[in-house]
Amino acid sequence: QKEVEQNSGPLSVPEGAIASLNCTYSDRGSQSFFWYRQYSGKSPELIMSIYSNGDKEDGRFTAQLNKASQYVSLLIRDSQPSDSATYLCAVKTNAGKSTFGDGTTLTVKP
Amino acid sequence: GAGVSQSPRYKVAKRGQDVALRCDPISGHVSLFWYQQALGQGPEFLTYFQNEAQLDKSGLPSDRFFAERPEGSVSTLKIQRTQQEDSAVYLCASSFETENSPLHFGNGTRLTVT
Numbered sequence: 001q002k003e004v005e006q007n008s009g010p011l012s013v014p015e016g017a018i019a020s021l022n023c024t025y026s027d028r029g030s031q032s033f034f035w036y037r038q039y040s041g042k043s044p045e046l047i048m049s050i051y052s053n054g055d056k057e058d059g060r061f062t063a064q065l066n067k068a069s070q071y072v073s074l075l076i077r078d079s080q081p082s083d084s085a086t087y088l089c090a091v092k093t094n095a096g097k098s099t100f101g102d103g104t105t106l107t108v109k110p
Numbered sequence: 001g002a003g004v005s006q007s008p009r010y011k012v013a014k015r016g017q018d019v020a021l022r023c024d025p026i027s028g029h030v031s032l033f034w035y036q037q038a039l040g041q042g043p044e045f046l047t048y049f050q051n052e053a054q055l056d057k058s059g060l061p062s063d064r065f066f067a068e069r070p071e072g073s074v075s076t077l078k079i080q081r082t083q084q085e086d087s088a089v090y091l092c093a094s095s096f097e098t099e100n101s102p103l104h105f106g107n108g109t110r111l112t113v114t
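Respectively, the protein sequence lines represent chains A and B.
By the numbering used here, the letter at position 58 of the first sequence is numbered 58, and the numbering carries on one by one without gaps.
By the numbering used here, the letter at position 41 of the second sequence is numbered 41, and the numbering carries on one by one without gaps.
Quick caveat, the hints were computed from the structure, so don't treat them as lab data.
Since the structure is predicted, the reported quantities are computational estimates derived from the model, not experimental observations.
Heads up, some of the hints might be wrong.
In the EDC-like style, the derived pairs of lysine to aspartate or glutamate whose C-alpha atoms are separated by at most 20 Å in a straight line are [stated by the list, open to error]:
{"#": "1", "chain 1": "A", "residue 1": "56", "chain 2": "A", "residue 2": "45"}
{"#": "2", "chain 1": "A", "residue 1": "42", "chain 2": "B", "residue 2": "24"}
{"#": "3", "chain 1": "A", "residue 1": "42", "chain 2": "A", "residue 2": "102"}
{"#": "4", "chain 1": "A", "residue 1": "2", "chain 2": "B", "residue 2": "44"}
{"#": "5", "chain 1": "A", "residue 1": "56", "chain 2": "B", "residue 2": "24"}
{"#": "6", "chain 1": "A", "residue 1": "2", "chain 2": "A", "residue 2": "102"}
{"#": "7", "chain 1": "A", "residue 1": "67", "chain 2": "A", "residue 2": "45"}
{"#": "8", "chain 1": "A", "residue 1": "67", "chain 2": "B", "residue 2": "99"}
{"#": "9", "chain 1": "A", "residue 1": "56", "chain 2": "A", "residue 2": "78"}
{"#": "10", "chain 1": "A", "residue 1": "109", "chain 2": "A", "residue 2": "83"}
{"#": "11", "chain 1": "B", "residue 1": "78", "chain 2": "B", "residue 2": "44"}
{"#": "12", "chain 1": "B", "residue 1": "78", "chain 2": "B", "residue 2": "99"}
{"#": "13", "chain 1": "B", "residue 1": "57", "chain 2": "A", "residue 2": "3"}
{"#": "14", "chain 1": "B", "residue 1": "78", "chain 2": "B", "residue 2": "56"}
{"#": "15", "chain 1": "A", "residue 1": "42", "chain 2": "B", "residue 2": "44"}
{"#": "16", "chain 1": "B", "residue 1": "57", "chain 2": "B", "residue 2": "99"}
{"#": "17", "chain 1": "B", "residue 1": "57", "chain 2": "B", "residue 2": "24"}
{"#": "18", "chain 1": "A", "residue 1": "109", "chain 2": "A", "residue 2": "15"}
Reference listing, derived: stretches of chain B covered by chain A, where coverage requires no fewer than 3 residues with Cβ under 8 Å from a Cβ of chain A [what the hints assert, rightly or not]:
{"#": "19", "region": "42-53"}
{"#": "20", "region": "100-111"}
Pairwise CB distance ranges, derived in the manner of DEER restraints [said to hold, decoys possible]:
{"#": "21", "chain 1": "B", "residue 1": "112", "chain 2": "A", "residue 2": "39", "range": "17 to 25 Å"}
{"#": "22", "chain 1": "B", "residue 1": "9", "chain 2": "A", "residue 2": "3", "range": "25 to 33 Å"}
{"#": "23", "chain 1": "A", "residue 1": "51", "chain 2": "B", "residue 2": "14", "range": "42 to 50 Å"}
{"#": "24", "chain 1": "B", "residue 1": "68", "chain 2": "A", "residue 2": "12", "range": "38 to 46 Å"}
{"#": "25", "chain 1": "B", "residue 1": "72", "chain 2": "A", "residue 2": "16", "range": "42 to 50 Å"}
{"#": "26", "chain 1": "B", "residue 1": "7", "chain 2": "A", "residue 2": "67", "range": "35 to 43 Å"}
Quick reminder that beta carbons are idealized off the backbone N, C-alpha and C, glycines included.
Could you build the full structure based on these sequences and the hints that come with them?
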């Protein structure tokens, strides 16, 4: 079992819809949680970070964290074709390193 | 510089050759990380430095892989006697400190071993 698991894609949603991306992790000592977006052939870039239980909103993006369930999610509202990319969930422990899931590929169809 | 800089962007090596990949982190970033990313997979941790100290090298796949950051700034990842399974994108990332800071990635080096 991988330390960070993401729902296997690909995920396809119509333009304007809500895209829901999920992630579970195994290390209960994890402290920080991140969502990165990676366009094809490019490097990952930070979308959201979340450190405490609950929701965190930034524009069209909402990250949700539930440490008891070891679950992180990312909601993208009013999805746009430019949101089409692979979304990587990353989990960091206080040991310093970030562990990544294999990503979920999202396609937003016009 | 404005971002993390990696060189070369592409490297083709014949099996058995040694390669050296360079990473120049964001100025002032204490922590520097190396990841390996195979096609269709997430980045896999290789090693990380805090300043010049290599705090974790548990992800290095074999003793053919070696990383250094002698002055706490630029880092080099060296792969000796390259094998075909070493073909991947090697990503370097830096951050201010290790606990809550996100990673800032360079553009990566795509290594192809023929």
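- Looking back at the hints listed earlier, which ones does the structure fail to meet? 5, 7 and 12
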